[in-house]
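Chemist: The chain contents come next:
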Amino acid sequence: MFQVDKNISTWDRIKDSDIYHSFIKSPTAIVSSIILFIIFFCSFFVEFITPYNPFDPSSLSLMEAFTPPSWTEGGLAKFILGTDGQGRDMLSTILYGSRISLIVGFSAIIFSLILGVGLGLTAGYFGGKYEMIVMRLTDVQLTVPSILMALLVDGIARGLISREMHDEMAIYVLIFAIGISEWPQFARVSRAATLVEKNKDYVSASTIIGVSNLIIMFKHILPNILRPVLVIGTIGLALAIIAESTLSFLGVGVPPTTPSLGTLIRLGNDFLFSGEWWITFFPAIFLVILAFSINLLGDWMRDTLNPRLKK
Amino acid sequence: MSFLKIKNLSVDYPMRKETVYAAKGVNIEVNKGEILGLVGESGSGKSTVGNAIINLIDSPGKVSSGSVILGDLNIHKDPKNIEKYRGKKIGLIFQDPQTSLNPILTIGEQLIETIQTHLNLTKEEAKNKSVNLLKEVGIKDAEIRFNNYPHQFSGGMRQRVVISLALCCEPELLIADEPTTALDVSIQSQILDLIKKLTNERNLAVILITHDMGVIAETADRVAVMKSGNLIEIGETKKILTNPQETYTKSLVSSVPPTNKKISRFVIIDSEKKNNHKNNIKILNRWNKKEIIEQDLVQIKNLDKSFKDNFFTENSKNSVMAVNNVTFNIKEGESFGLVGESGSGKSTIAKMIVNLFKPSSGDIFFDKICITKIKQKNEMMRFRKQIQMIFQDPYSSLNGRLKVKDIISEPIKLHNPSISNSDLNSYIFDLLESVELIQKSADRYPHEFSGGQRQRISIARALATQPRLLVCDEPTSALDVSIQAQILNLLKDLQEQLNLTILFISHDLPVVRQMCDRIGVLKDGKLCEVSNTEDLFLKPKHDYTKELLRLMPKIESIYN
Numbered sequence: 001m002f003q004v005d006k007n008i009s010t011w012d013r014i015k016d017s018d019i020y021h022s023f024i025k026s027p028t029a030i031v032s033s034i035i036l037f038i039i040f041f042c043s044f045f046v047e048f049i050t051p052y053n054p055f056d057p058s059s060l061s062l063m064e065a066f067t068p069p070s071w072t073e074g075g076l077a078k079f080i081l082g083t084d085g086q087g088r089d090m091l092s093t094i095l096y097g098s099r100i101s102l103i104v105g106f107s108a109i110i111f112s113l114i115l116g117v118g119l120g121l122t123a124g125y126f127g128g129k130y131e132m133i134v135m136r137l138t139d140v141q142l143t144v145p146s147i148l149m150a151l152l153v154d155g156i157a158r159g160l161i162s163r164e165m166h167d168e169m170a171i172y173v174l175i176f177a178i179g180i181s182e183w184p185q186f187a188r189v190s191r192a193a194t195l196v197e198k199n200k201d202y203v204s205a206s207t208i209i210g211v212s213n214l215i216i217m218f219k220h221i222l223p224n225i226l227r228p229v230l231v232i233g234t235i236g237l238a239l240a241i242i243a244e245s246t247l248s249f250l251g252v253g254v255p256p257t258t259p260s261l262g263t264l265i266r267l268g269n270d271f272l273f274s275g276e277w278w279i280t281f282f283p284a285i286f287l288v289i290l291a292f293s294i295n296l297l298g299d300w301m302r303d304t305l306n307p308r309l310k311k
Numbered sequence: 001m002s003f004l005k006i007k008n009l010s011v012d013y014p015m016r017k018e019t020v021y022a023a024k025g026v027n028i029e030v031n032k033g034e035i036l037g038l039v040g041e042s043g044s045g046k047s048t049v050g051n052a053i054i055n056l057i058d059s060p061g062k063v064s065s066g067s068v069i070l071g072d073l074n075i076h077k078d079p080k081n082i083e084k085y086r087g088k089k090i091g092l093i094f095q096d097p098q099t100s101l102n103p104i105l106t107i108g109e110q111l112i113e114t115i116q117t118h119l120n121l122t123k124e125e126a127k128n129k130s131v132n133l134l135k136e137v138g139i140k141d142a143e144i145r146f147n148n149y150p151h152q153f154s155g156g157m158r159q160r161v162v163i164s165l166a167l168c169c170e171p172e173l174l175i176a177d178e179p180t181t182a183l184d185v186s187i188q189s190q191i192l193d194l195i196k197k198l199t200n201e202r203n204l205a206v207i208l209i210t211h212d213m214g215v216i217a218e219t220a221d222r223v224a225v226m227k228s229g230n231l232i233e234i235g236e237t238k239k240i241l242t243n244p245q246e247t248y249t250k251s252l253v254s255s256v257p258p259t260n261k262k263i264s265r266f267v268i269i270d271s272e273k274k275n276n277h278k279n280n281i282k283i284l285n286r287w288n289k290k291e292i293i294e295q296d297l298v299q300i301k302n303l304d305k306s307f308k309d310n311f312f313t314e315n316s317k318n319s320v321m322a323v324n325n326v327t328f329n330i331k332e333g334e335s336f337g338l339v340g341e342s343g344s345g346k347s348t349i350a351k352m353i354v355n356l357f358k359p360s361s362g363d364i365f366f367d368k369i370c371i372t373k374i375k376q377k378n379e380m381m382r383f384r385k386q387i388q389m390i391f392q393d394p395y396s397s398l399n400g401r402l403k404v405k406d407i408i409s410e411p412i413k414l415h416n417p418s419i420s421n422s423d424l425n426s427y428i429f430d431l432l433e434s435v436e437l438i439q440k441s442a443d444r445y446p447h448e449f450s451g452g453q454r455q456r457i458s459i460a461r462a463l464a465t466q467p468r469l470l471v472c473d474e475p476t477s478a479l480d481v482s483i484q485a486q487i488l489n490l491l492k493d494l495q496e497q498l499n500l501t502i503l504f505i506s507h508d509l510p511v512v513r514q515m516c517d518r519i520g521v522l523k524d525g526k527l528c529e530v531s532n533t534e535d536l537f538l539k540p541k542h543d544y545t546k547e548l549l550r551l552m553p554k555i556e557s558i559y560n
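In the order they appear, the protein sequences are chains A and B. Take the first sequence: its letter number 294 is residue 294 in this note's numbering, and every next letter is one higher. Take the second sequence: its letter number 126 is residue 126 in this note's numbering, and every next letter is one higher.
Since the hints were made in silico from the structure, they are not lab data. Beta carbons: idealized from backbone N, C-alpha and C, even for Gly. It cannot be assumed that every hint is accurate.
[To be verified] Cut-off 30 Å, straight-line C-alpha distance, at most; resulting in silico cross-link-like pairs (DSS-like, lysine-lysine): (1) K403/B - K15/A; (2) K62/B - K200/A; (3) K219/A - K358/B; (4) K301/B - K15/A; (5) K358/B - K129/A; (6) K403/B - K219/A; (7) K200/A - K377/B; (8) K375/B - K15/A; (9) K523/B - K200/A; (10) K200/A - K375/B; (11) K526/B - K219/A; (12) K200/A - K405/B; (13) K78/A - K385/B; (14) K413/B - K219/A; (15) K405/B - K219/A; (16) K129/A - K351/B; (17) K62/B - K25/A; (18) K200/A - K351/B; (19) K200/A - K413/B; (20) K25/A - K17/B; (21) K219/A - K385/B; (22) K200/A - K373/B; (23) K526/B - K200/A; (24) K440/B - K15/A; (25) K129/A - K375/B; (26) K377/B - K219/A; (27) K200/A - K385/B; (28) K358/B - K200/A; (29) K219/A - K375/B; (30) K200/A - K492/B; (31) K200/A - K403/B; (32) K377/B - K129/A.
[Said to hold, decoys possible] Label pairs and their calculated CB-CB ranges: (33) I215/A - S420/B: 17 to 23 Å; (34) K80/B - F292/A: 53 to 59 Å; (35) I133/A - K262/B: 25 to 31 Å.
Turn these sequences into a full structure, and let the hints guide you.
Modeler: This is the structure:
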């Protein structure tokens with residue numbers, strides 16, 4: 001048998017792959033991932049980037065409140081995007097806020113991914129009554145608008161948690177509320193993919209060898225169904241970040257002491273008609289750019305990872 | 001003066017890394033009233049040539065040079081010409097009759113539509129013509145069937161309809177791309193006879209693209225052999241098949257399993273002159289070789305399997321009887337063949353033996369113990385270890401996300417958890433070498449291997465548990481004929497040296513004849529007859545067996 005000797009490193013493998021090449025050839029994918037990288041980097045290392053800490057009251061000066069952006073009349077060079085009603089630098093506040101938004105978004109999507117894929121994979125694999133119950137459950141869940149579901153969860157949680165704990169627990173409640181409303185998508189996609197994979201011969205081969213169901217599901221089937229799951233996961237991430245902002249805007253999200261993007265938009269909303277437009281405008285535009293970039297990247301991933309869409 | 005002249009035709013596929021030449025300077029001529037067989041293995045460019053004639057090359061491929069002259073017109077000069085000719089002067093038949101008909105139109109509508117696009121006829125005239133065509137291709141009650149939808153026809157009937165569609169505008173050239181590959185052997189011969197008859201009656205020039213040397217031997221007047229885009233040899237069928245000049249053609253012909261005799265090994269003619277010796281089986285020293293005792297290793301008694309739909313899943317009213325009261329034995333150390341057409345239940349029986357399905361009723365005994373009633377997991381594992389399976393499709397039988405060494409180590413570790421790492425590695429290497437793969441293969445992923453190599457990996461995995469019974473479900477039907485010969489040789493060597501018992505399932509009678517000691521013939525879930533291979537081929541008892549033997553394409557027919 002012919003064999004060619006080749007020692008390829010992982011990096012060479014990546015560089016050789018179709019995904020890499022399709023990435024290089026797609027300006028949308030490159031631009032959106034550069035934007036996302038900058039946003040992620042600035043949000044997670046915000047302490048080292050900005051000179052201001054908006055959560056340290058001693059550094060704030062009410063005298064500098066409502067400073068407009070630097071390029072407008074009355075703007076100060078040290079506050080590029082201006083300040084809000086408490087004299088906090090807008091740019092720093094947005095970056096701190098987007099960190100909260102990203103943490104909530106990622107955690108919620110990972111939570112719903114684990115829940116949805118776990119249920120979908122087992123439902124597709126075992127079939128029968130269990131599958132029917134799980135899938136009808138997702139159908140029921142899908143009839144409830146996700147924002148309503150999140151509000152419901154939030155309301156129940158507020159009733160159960162004592163008042164002092166509210167602010168502390170708010171972020172976890174939020175993650176749970178968003179996560180619980182997103183899982184049916186994952187369950188449906190992973191069940192459908194599992195149904196295809198479980199009839200392939202490699203699964204039969206493992207069964208004949210005597211491999212247990214658990215190992216077949218997680219070692220053999222799971223890696224093979226991850227592609228579509230990752231695609232909807234990316235698009236779901238944008239949805240989760242938007243859901244977080246919506247909930248925070250409605251006042252049931254994270255507390256104003258640790259503002260997320262949604263909270264910032266809500267706080268700024270009060271000043272919109274008194275002329276201080278920048279307080280709500282910049283967080284909003286930041287949210288749009290963030291969600292848009294994630295969606296563009298998700299679209300590119302869907303086109304690349306789905307062999308049926310390939311030309 | 002030939003009717004169709006293909007001159008110096010090249011087709012290129014510019015890819016990311018390199019340009020793939022699907023056809024390189026191919027010269028073919030076809031006369032009227034003649035069937036030219038175009039054979040080659042997968043990827044040899046035979047379909048590319050067929051598609052290039054009518055300029056149906058998928059993007060990014062393109063015809064880079066050459067001309068196609070039909071009659072006295074160069075049809076590639078003007079792209080509009082080809083569109084006019086496609087369907088009118090040139091008729092096409094594709095492999096899958098399921099997809100070449102539109103399911104939401106009656107066949108009558110499809111025929112009339114095609115006729116009226118190309119010929120200047122009124123609806124009434126077109127209808128008369130269609131009915132006559134349907135009669136000509138052998139569809140009974142053509143007036144009534146005219147208003148039926150494609151799903152109301154069987155596979156063979158549908159292919160007849162496709163042929164009538166191809167003929168409806170009086171073409172002079174017919175291109176048939178694997179027209180019978182999706183059909184069972186009994187229907188295959190009818191369709192081939194029909195093509196032969198039409199060629200004579202209508203004085204057509206026919207290009208028959210196929211991978212099946214038996215079909216070529218029985219149908220084609222001349223044959224062109226292709227390999228990786230090059231035309232290797234072209235000439236009269238009899239001359240090419242009996243006295244091939246090129247090494248490649250020789251190896252192709254010698255790989256075809258003969259239907260009239262049993263040979264001990266396939267002769268592999270390799271241009272590099274190697275590998276024609278018996279395989280050195282490295283795992284022999286680890287193998288717990290069992291002496292063959294004169295006994296039945298597998299006994300199958302009154303096996304039934306019906307597929308019923310229950311309340312919770314999609315329900316249809318009928319339950320399908322896939323296997324119906326099947327009884328047979330497999331002796332230790334023998335190769336038992338199960339043959340039958342698609343839907344005869346042969347794979348279902350295999351899956352029940354390896355315990356993927358439970359039978360509806362009846363028992364399977366392995367080494368005198370009933371394995372269908374085992375409840376305990378430990379007990380089951382003992383049998384899992386002794387019964388292994390090789391699957392038909394080498395592309396779906398290996399998990400693409402695991403390295404070859406992880407695929408092979410899975411059964412070893414599962415049945416021998418205490419094995420040390422170095423021992424495990426050397427065992428994997430021994431297994432790989434036993435199936436003629438090099439040790440470095442262990443660190444590769446399955447997609448880096450060809451179909452035949454994947455099938456070898458599959459065999460290595462099956463051997464890892466040291467089974468006594470190997471169930472082979474159509475192990476070579478997805479492979480090219482020369483690869484098939486290698487894999488069959490390998491299986492024979494392994495069986496001989498490891499004292500394996502093999503259950504060999506196939507629809508391909510010549511292959512079964514080469515591989516098996518005894519054969520059972522299945523039809524619609526029922527066992528027609530079981531007898532020794534030579535008896536079955538020389539004096540078949542059951543009518544169905546006789547029919548199958550009569551219809552199977554015989555490469556030897558060329559000698560008569």
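Chemist: For every hint, state whether the structure bears it out.
Modeler: Status of each hint after checking the structure:
no. : hint                        : verdict
1   : K403/B - K15/A              : 20 Å, holds
2   : K62/B - K200/A              : 35 Å, violated
3   : K219/A - K358/B             : 25 Å, holds
4   : K301/B - K15/A              : 57 Å, violated
5   : K358/B - K129/A             : 19 Å, holds
6   : K403/B - K219/A             : 12 Å, holds
7   : K200/A - K377/B             : 24 Å, holds
8   : K375/B - K15/A              : 51 Å, violated
9   : K523/B - K200/A             : 26 Å, holds
10  : K200/A - K375/B             : 25 Å, holds
11  : K526/B - K219/A             : 39 Å, violated
12  : K200/A - K405/B             : 20 Å, holds
13  : K78/A - K385/B              : 74 Å, violated
14  : K413/B - K219/A             : 15 Å, holds
15  : K405/B - K219/A             : 15 Å, holds
16  : K129/A - K351/B             : 24 Å, holds
17  : K62/B - K25/A               : 22 Å, holds
18  : K200/A - K351/B             : 13 Å, holds
19  : K200/A - K413/B             : 23 Å, holds
20  : K25/A - K17/B               : 15 Å, holds
21  : K219/A - K385/B             : 20 Å, holds
22  : K200/A - K373/B             : 26 Å, holds
23  : K526/B - K200/A             : 27 Å, holds
24  : K440/B - K15/A              : 22 Å, holds
25  : K129/A - K375/B             : 22 Å, holds
26  : K377/B - K219/A             : 21 Å, holds
27  : K200/A - K385/B             : 21 Å, holds
28  : K358/B - K200/A             : 19 Å, holds
29  : K219/A - K375/B             : 25 Å, holds
30  : K200/A - K492/B             : 27 Å, holds
31  : K200/A - K403/B             : 18 Å, holds
32  : K377/B - K129/A             : 23 Å, holds
33  : I215/A - S420/B: 17 to 23 Å : 21 Å, holds
34  : K80/B - F292/A: 53 to 59 Å  : 45 Å, violated
35  : I133/A - K262/B: 25 to 31 Å : 56 Å, violated
In this structure, the hints that do not hold are numbers 2, 4, 8, 11, 13, 34 and 35, in rising order.
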